[in-house]
Amino acid sequence: MRSGGMNFSQSFRLAIKSLTTSKMRALLTMLGIIIGVGAVIVILSLGNGLTGMVQQQVDKLGINMIQAQFFGGTADMLPDPEDMYDMVEANADILTGVSPYLGVNAVVRHGSDKFDRTSLYGVSEIMYNAATGYTIDGEQLAKGRFISYMDVERRENICVIGAYLEEEAFGGDALGKQLSINGRPLTVVGVLKRNAELEMLPGSQDDQIYIPYTTALEIMGSRWVNLYIFTSTSGETADAGKRIIEAYLNDFFRTDDGMWNYFYITTMAEQANQINAMMGVAMGVLVAIAAISLLVGGIGIMNIMLVSVTERTREIGVRKSLGAKRKDIRSQFVIEAGTTSAIGGILGIGFGWMLAKGIGALLGGMLSESMGGGVFDATPTFGAIMLSFGVSVGIGVLFGYLPANKAAKLNPIDALRYD
Amino acid sequence: MEHLIELKDVYKIYQMGEETVHALDGVDITIDKGEFVAIVGSSGSGKSTAMNIIGCLDVPTSGTYHLGGVDVSTMDDDQQADIRNKMLGFIFQQYNLIPKLTVQENVELPLLYAGVPTAERRERALRSLKRVGLEGKNKNLPSQLSGGQQQRVSIARALAGDPSVILADEPTGALDSRTGREVLGFLKKLHREGDTVVLITHDNSIAVKADRIIRLQDGRIIYDGDAQDPRAVVQPHDEGAEEEVEV
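Chains P and H, in that order, give the protein sequences. Read in the working numbering, the first sequence has 333 at position 333, and its numbers run on one by one without any break. Start counting at 1 in the second sequence, then tack on 1000, and there's your number in the working numbering.
Isolated chain P (complex conformation) (with noise of 0.2 Å):
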């Protein structure tokens, strides 16, 4: 059989060269698949970014992290921090883990300076694992201890404090002094260490305050803890730990399905989860925005080729009198048109992950900074690359099958005579 080889190499180059030929020309023909490979690879990398953010959150936090939120008012009864220690230890095989984590809602005070943004938790010495070096929640002490559980016994007015807050408040040595919330003067026993890739801000990961949960309690005038951290051997164990706590608390509050109406627990993986498949869908209603210009850019492709189809009909001629079939005649100008696009899609490519390295750079510490903590690194990954550039060949064979067809039909003598 004929080899189609030296076919496809020839159509490549003179595509190249009718491309470099007339630039011009070529630059508005490639336009569309340009902004349209470009905007799909912006909206892909941001993507991937956000992606990566919530991935370096779960990691952080871990993976292995269960919460359990109660609902219900002070009247009604909740188990006791207790219950949940006996629940843990009988579980063990399964769950390693679990602190009462109260968000508090007070004022922060050093001297004169109020610190609004500082988020206050009240937790119990489980928090921390000296085995590990890090609390259930991802943090590494930098200095001085933890809480312990006399603290917590005692309702003692101690605090852990992270690394902003030492910074702002007390210029870097904080251990042994003292900051008020709602007006109760806490004696700083240990600092947080800073995170590392975070901009020390008000609000950050690096602006908040531990203390025992029985001190926080009192601090709110409340009763009952609604809400646990537990953690569980692994990831993978994370949702056997689950089904653990769900068939206890079923129990303790006699129902069947107390889930959404007496509590409600989930997943650290479970979160991601929901927040990627969100982000899945933005994306994808974003590049569904995106494809709309990939279509005006094959239009434009067609175009290009039906006005290059007329004005090469007389090559057209020449080439079928010395023997060429339709097929090569088709080939030639389905190639034509699939290494513009191509070419329209690589330049798109460059174009997509330079303006999101740029957004990225602009938006990034914003992000991070809301999303509490990670890098934002809006790259495009590798099947996202081969993606666009598959889907800009794709548009290029696709939209030039029609006037390669035409070219194809072309009846050699009225081709021959055409000027």
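Please note: incorrect hints may appear among the correct ones.
What the hints assert, rightly or not - Derived DSS-like pairs (lysine-lysine); straight-line CA-CA distance at most 30 Å: (1) Lys325/P - Lys1008/H; (2) Lys1086/H - Lys327/P; (3) Lys325/P - Lys1100/H; (4) Lys409/P - Lys1100/H.
Think of the hints as simulated: they come from the structure by calculation, not from any bench.
With chain P's structure known, arrange chain H on it following the hints.
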């Protein structure tokens, strides 16, 4: 013996609106291997239609055409393309070289469509260029050559596929008389080397360079014979005849 080209009772009828045009009106032509034939006639005589049919660019309305013993009169597009590729070499008035391809790439085209492997294609194209005396110009673009050189490239291209018939359609039409003579010299040389050459022209002074003249008028053959016979260049009903020769 079998003829190389054999047209039997060939009609080509066009419908131009209300009017029916008989471009070929019952034509019989036989050409044997190694002949040098000129098909002559003024415009509208049917010589272009004859050339299209002989060149397998068109099919007759009725009648048969055997080329190399094969009936090509009912072939479809792609089958004709294959026959053109293997059996015919075209030389056109406007050279019809592809401007963006180098001289060598132009000459390689028929071999490309024949599926000849790269190395052999290159070698045969260079050999063909050598035959027309342009072996040093293979890397040039057509636009860097003179008209005469471009026509020689197109001759090299026609020769590259080793065709059975070389069809030259007004090959000197775009050249000055000196270069035109040179190109005709080439065709004569090819003929001497054994090639079959069919020349299509309106110009008697060129037609007489062939061995045999077939004169067409209004779609019919009015003379078929020796080019040196005085009757070969007579055009009885043509008012615009360049030269009238008494019988």
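Do the hints match the structure? See the list:
no. : hint                 : result
1   : Lys325/P - Lys1008/H : 27 Å, holds
2   : Lys1086/H - Lys327/P : 17 Å, holds
3   : Lys325/P - Lys1100/H : 21 Å, holds
4   : Lys409/P - Lys1100/H : 23 Å, holds
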